[in-house]
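Just so you know, the sequences run in chain order W, S, G and D.
Heads up: the first sequence is residues 73 to 434, going by my numbering.
Heads up: the second sequence is residues 73 to 434, going by my numbering.
Heads up: the third sequence is residues 73 to 434, going by my numbering.
Heads up: the fourth sequence is residues 73 to 434, going by my numbering.
One or more of the hints may lead you astray.
The list treats identical chains as one, so a pair stands whether inside a single copy or across any two.
Calculated lysine to any residue pairs in the SDA-like style (CA-CA distance at most 20 Å, straight line) [to be verified]: (1) Lys223 x Ser241; (2) Lys330 x Glu270; (3) Lys118 x Asp218; (4) Lys144 x Glu168.
Hints are computed from structural coordinates only; laboratory data are not their basis.
In this text, all values refer to a predicted model and were calculated from it rather than measured experimentally.
Number of protein chains: 4
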Amino acid sequence: MTFTFGKDFKLHVYGESHGESIGVVVEGVPPGILIDTSMIQQELDKRRPGSGHLVSSRSEKDQVTIRSGVFKGKSTGAPITMTIPNTDVDSSSYEEIRHIPRPGHADYTARVKYSEYNDYRGGGVFSGRMTAAFVMAGAIAKQVLDEHGIKVLAHVVQVGKVRMEKEVSSEDIRRNVYQNPIRCADIDSVSEMKAEVEQAKAEGDSVGGIVECRILGVPAGFGEPLFDSVESVISHAIFSIPGVKGIEFGSGFGGSLKRGSENNDSPVIDDGGIQWSKNDSGGVLGGITNGAPIVFRVAFKPTPSISKVQSTVDLEKMEETSIQITGRHDPSIVPRAVPVVEGLAAAVMVDLMKRNASQIHH
Amino acid sequence: MTFTFGKDFKLHVYGESHGESIGVVVEGVPPGILIDTSMIQQELDKRRPGSGHLVSSRSEKDQVTIRSGVFKGKSTGAPITMTIPNTDVDSSSYEEIRHIPRPGHADYTARVKYSEYNDYRGGGVFSGRMTAAFVMAGAIAKQVLDEHGIKVLAHVVQVGKVRMEKEVSSEDIRRNVYQNPIRCADIDSVSEMKAEVEQAKAEGDSVGGIVECRILGVPAGFGEPLFDSVESVISHAIFSIPGVKGIEFGSGFGGSLKRGSENNDSPVIDDGGIQWSKNDSGGVLGGITNGAPIVFRVAFKPTPSISKVQSTVDLEKMEETSIQITGRHDPSIVPRAVPVVEGLAAAVMVDLMKRNASQIHH
Amino acid sequence: MTFTFGKDFKLHVYGESHGESIGVVVEGVPPGILIDTSMIQQELDKRRPGSGHLVSSRSEKDQVTIRSGVFKGKSTGAPITMTIPNTDVDSSSYEEIRHIPRPGHADYTARVKYSEYNDYRGGGVFSGRMTAAFVMAGAIAKQVLDEHGIKVLAHVVQVGKVRMEKEVSSEDIRRNVYQNPIRCADIDSVSEMKAEVEQAKAEGDSVGGIVECRILGVPAGFGEPLFDSVESVISHAIFSIPGVKGIEFGSGFGGSLKRGSENNDSPVIDDGGIQWSKNDSGGVLGGITNGAPIVFRVAFKPTPSISKVQSTVDLEKMEETSIQITGRHDPSIVPRAVPVVEGLAAAVMVDLMKRNASQIHH
Amino acid sequence: MTFTFGKDFKLHVYGESHGESIGVVVEGVPPGILIDTSMIQQELDKRRPGSGHLVSSRSEKDQVTIRSGVFKGKSTGAPITMTIPNTDVDSSSYEEIRHIPRPGHADYTARVKYSEYNDYRGGGVFSGRMTAAFVMAGAIAKQVLDEHGIKVLAHVVQVGKVRMEKEVSSEDIRRNVYQNPIRCADIDSVSEMKAEVEQAKAEGDSVGGIVECRILGVPAGFGEPLFDSVESVISHAIFSIPGVKGIEFGSGFGGSLKRGSENNDSPVIDDGGIQWSKNDSGGVLGGITNGAPIVFRVAFKPTPSISKVQSTVDLEKMEETSIQITGRHDPSIVPRAVPVVEGLAAAVMVDLMKRNASQIHH
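The following block holds chain W by itself, in its conformation from the complex:
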């Protein structure tokens, strides 16, 4: 297993869904950053299960404690450790199905890889609950980026078959996303999206969706190709979120249908500096930021936990059987993924900023 991410700004995550706590040690925080604990808590709150019918009914307070790395309100340069306790744990439903992998889940693969030693309770380390660690680390990263004028904004652009209609500005995202349970920047699309989730829930089913993320204020020059291009490093991080099955930058899959003459962005001079005619490149050329906003979209599969009866196998008896999953689950993980995508994107940006700084010009 690998619970570490990053090169100059590193996340070391620990915990299990039904263990004692979830935590993250963040290594490489520059010294002297103002660390606001209440902001970390706000980020965690954005990812908490919310108003009941749209998301899981597990109710964790996710109260963060900082255990190291902060002195007199500022980062020291030493690792910042943050933890949240696991309190609302009910493992009973997992004991009886431990030999019966849930379709679409890691139950089978975890068992193959870690043998009978895997902690299967609540999905163990494969639980979406681990993303709370990403959010905590992301909150630190955002506080670092704030001092450099860099902002990370994610929002839901598709839930199930409902796609956001309108073009939204970054200002729309900033204003609207956390004002509605869908985390959609287009207020007019929210009710239809909610209906999509509710209908799936009513049918004992689930929906997937797409989260878009924009990173504003990034100067040209971040990214370390060949192998640590901006796209490589962001995608590496994002595929760590349970349920992610695709990512695209700029015009992405749609761009593969275009002609070069359509898809190429031309630089223009604006305000004495270089700007871009449009942003089909998603802010990245040759793996390096070009000064335009970084834009990427993330495809989430529908939550595998559904209450419909599904066919599966009993691994002890080695015979086919069926399963009906009970317990607390999100009919759509997509809204809760928004602060998680932001958090990991922020962590990557700090890492790339530091790596760029390590290059000494002459």
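Please build the complex by placing chains S, G and D on the supplied structure of chain W, with the hints as guidance.
What follows is chains S, G and D alone, placed relative to chain W:
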């Protein structure tokens, strides 16, 4: 810059488009693998510019030399170094446009990051020519995988707006891909795809496309989540290929439109072992292989080098200008990307196989 | 800063001397290892300040809590997180001398590197207290090694100017070391060594010393040269212990005085296997273990904290001044370093064992 | 095996003693450094076998070729690849003794680890010839350090039982070391040292020795404790040199005999800045440079290749036998190790300089 990829099976790439040579040091090759130089050469030949009108007219023989790590025809366990010379180099066209970034290229970002020291000739390290190093390393990886019954097969499923019509079997891919210049496994789609490329070329333009890759024979248990899930590591590698702007696994972006009950794969018992009802997961659950083929698709943007006049800026004079790119360029990079995608996918598989082996069960 | 060590078995350390707690996240523990919490506690107890006059009077209970990675008494393969609280914290004496670096301490260098943001209380991250994290991680490593018949035994061979007289067997070390406060395997040398420490203390001074470590039961083949030779990796770890200024393997510095014909170990056949005539190589040839015990010695400087008046500078006033250090300090760190050396050596061994396993023979 | 060293300034080494060539890919060279090929050649020449009777009679010209990363005489920021050919190769003497490990060599351990696939000719990757790669990389590092006023100076302070008598200044080292075949900075000690080597040679034997290295002009603040202290990273690198069995910084093993009041260096104010009363710390406090010269000493074992008859085993017949090594070997490796120690020390310094730069202060 980062020219190193992998953890237990590592690629160290060097070279520039118009430098002395391109090479790769492959570290972590298990000792005792039969190394067939002619097979490496064949892989390189698959990626060479071909029959003229579909691809670039730069004519390099790409003759590989093995410089270390092989003794009596087998790997020793020490790094295997392979190089190809750069011989057909004409840098003249780059000198005059060095302050005038080509739209869609890394010219601008490379200059910002590496200042005036960047080797701009032929795109320098940002050239597609660097992918020859990926192919050489991939050839070694494939020879390792062969001994474990793992095969990597890529093919073109879309060129410009033309999408392959038919479902193809893995046997179709194996048989057909390298028999046609488009690298399409569906022979019936080739002529339409060729026409798409030729029309773009005739218009001084270019097209993008999509490459699909299937990895067969992978046992369940590869992958190191949280952070080094199969998807994370493959996407990290694949975004190192110039022109890639998207990747998806299994049902991918399409899966985000489905219900959980549709998208979940159910395990079934077949031949006394676990198989899967279908493969919307693309062979990966919880970041770990489940024994089904790994399937992913890669979106390439249209080649940025086009002969149409484009607007850009002169970075010395800081004024807007226009550019018409001459020289040798591919109207579509997509067919040549097929062995490159295969090579990197193979390298990732050896890495994950070794990482899995390092876990000692009790 | 770098708080992470290891490649396949990793330590992620956090904490400060006067912070909330000290902890370590151990990544890469093989699944299925019996984890005995009381054994971890015993290891911590070996390193605790002891019977007063020989060591520091800070009295921490160092009660360990496991926060992740253990399920039903065994490792799951996920990170094992262990923490101890800081309870007996008195930071008052540090506030007044924060601009006045203590000679021989990291006060000055920490301030230069981390500016005013460094947590200077109790030495912050430079405190010997951080080694408790090494011991906790080492306790896990020892439990892994136990299942492979590998034992790590350290002992004090020199304190100040007093060197252990007798040759000791590994059985002597196992039996005697933790039965006396000096951690010396030769019982007959203990009283003279105690006297050396006590005299230094009486004079307001301190002494250094040498710890020897033997690793028994290591098979031939561990070590990853060129760059990750056994000596490279062990020395890297050991120089992380505050106060270490030298390390030597086998005949070491003494060997540099010998002829090749004296220093070369010859293999012999014993019991049908390969043994060695003697062990001047310290169990390592060409960076790889040869099956003989790994033997190395570690030189510790005298503890810099002494109560004698010393000259130093005031960094605010930029003038020379003097300092007399009060508070709780060890007149010799050497005895307490014994379990720390063992812990790090054990961690390195697990790492090298896993790395060796990742090499797949054909 | 691990042929890679460094984090932000990386060496990727390849080659075998009797392979096609030896090379190194140096990754992380800052762009814009003047790269003087003749200086690289001079460094290589310093390590070449010299005037016959003191060192090996293998006569390689070691002519360096730069294959990438330099454009218009300056580094581009891309990897710099340098190679030297192997030309004077005579592998015949190795074929007959391939099952008979030479005492003190890696023959046995290499065979255990890499099975029959190990390239045993001339020691393969375990040959001292690999250190030519360290010297080439070090030459690049020195050219980077030059622009920052940092100098690395090594010299021989002991050969066999002969220790340099006089204290030498850094100016003595700079002036004298490469003017005599012993690489001793004290001219008056050279003849006695030569005699020591010659006598060993006459007896078919070999001697070890000690190399001291001083790094001048390093600012305070380099080093990344806890785990990447200056001592940790330098020792890691240095133990990669064949034959090294010990290292000590500052007062080192001798310091372990001192009192704290003797061994502590006090800061003083000089010229408006901080200087140190003496340098028992060897320029490093708490793992971070303090602005004084870094000073360390390296113990080399006597060369294991001697022409005296030695006992060993035949691994095929599994019986004891004897061996008399013929061929070309150094009676002392120590003089030739001087530029190797310098080269690796320089590489570490660039790495730590870059890592320090990646820390962004606020």
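Hint by hint, work out which the structure violates, then give me just those numbers in ascending order. Checked against the structure, no hint fails, so every one of them is satisfied.
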